[in-house]
Amino acid sequence: MMLRMSRPTIVLFGDSITQQGFAFSDGNSPGWAGLLANAYTRRADVLNRGFSGYNSRHAMDILPSVFGSSSDSSLVGRPLFVTVFFGANDASLPGDREHCQHVPVDEYEGNLRKIVQAIRDRFQGNAATDKPPIILMTPPPVYQPKWDKFCMEKFDELSPRTNEVSKLYGDRVKSIAKDLGCSVVDSFSVLEGNEKEETYEKYLEDGLHLNGLGNKALFEGFMNVLNSDFPQLAPMKDGDGKNGETGIPLEGSLWTDLC
Numbered sequence: 001m002m003l004r005m006s007r008p009t010i011v012l013f014g015d016s017i018t019q020q021g022f023a024f025s026d027g028n029s030p031g032w033a034g035l036l037a038n039a040y041t042r043r044a045d046v047l048n049r050g051f052s053g054y055n056s057r058h059a060m061d062i063l064p065s066v067f068g069s070s071s072d073s074s075l076v077g078r079p080l081f082v083t084v085f086f087g088a089n090d091a092s093l094p095g096d097r098e099h100c101q102h103v104p105v106d107e108y109e110g111n112l113r114k115i116v117q118a119i120r121d122r123f124q125g126n127a128a129t130d131k132p133p134i135i136l137m138t139p140p141p142v143y144q145p146k147w148d149k150f151c152m153e154k155f156d157e158l159s160p161r162t163n164e165v166s167k168l169y170g171d172r173v174k175s176i177a178k179d180l181g182c183s184v185v186d187s188f189s190v191l192e193g194n195e196k197e198e199t200y201e202k203y204l205e206d207g208l209h210l211n212g213l214g215n216k217a218l219f220e221g222f223m224n225v226l227n228s229d230f231p232q233l234a235p236m237k238d239g240d241g242k243n244g245e246t247g248i249p250l251e252g253s254l255w256t257d258l259c
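Numbering (my numbering), first residue to last: 1 to 259.
Possibly wrong hints are sitting among the right ones.
To be verified - Taking CB as the label site, the calculated pair distances span:
#1 G95 with K149: 15 to 25 Å
#2 P133 with P249: 30 to 40 Å
#3 P145 with S228: 28 to 38 Å
#4 R113 with R42: 13 to 23 Å
#5 L258 with K149: 28 to 38 Å
#6 T256 with M152: 31 to 41 Å
In case anyone wonders, no lab produced these hints; they're calculated from the structure.
Treat the numbers as computed from the prediction; the structure is a model and nothing was measured.
Glycine included, C-beta positions come from ideal geometry on N, C-alpha and C.
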């Protein structure tokens, strides 16, 4: 028996912070993608296309298998929106030859621009106004002491990153978003990366990946952007979530209407 795919989709494309987005990072809260999926329960199917360890260069390689071509039915219909969340690995320092994750910031910018254009081209058969919005997300802050400790304990070697470099890459994301007409979730600012270390450290499980508090904050920051920029794509709140004026309604009749 085949499952009929009638609901719209939401595609999350990114690195480990997306891949782990459904996970219970510290046992207290689901990941930001899990919270998003919960918000869209009975409204849209959230497709997690996160690839741990990937940088924007790797993302370019995997892009065709994630989105297919305009004649490919691997994605059912047009997504409500697509997120692109790379940069945490690109921003590793160039001396980290062991992991080969570093991508120079100018190349990183070029890769993101190509990714945005490729996703838009994927839906070139539709009218320009029907193309799904692309929401870019900046890399999160980095708490270097905790990340260095984690790497030494787990891998017996460093994978050096700094908060300052993460911010630099995030600034490029914001510039790209403005230039290409994309919305942006400034994860770095949402997680208070501009504040003192003891302020943003509380959001990070291992100095790089998010804990429960960080996932919750990122989800809330994401929804703030969505409600501001695309209220018609946010979950419908009024009219019992079904008969309201704005947003994505619940699928099917309300049970009270079936009595």
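Unmet hints by their number, sorted upward, for this structure | Violated hints: 2, 4, 5, 6; rest satisfied.
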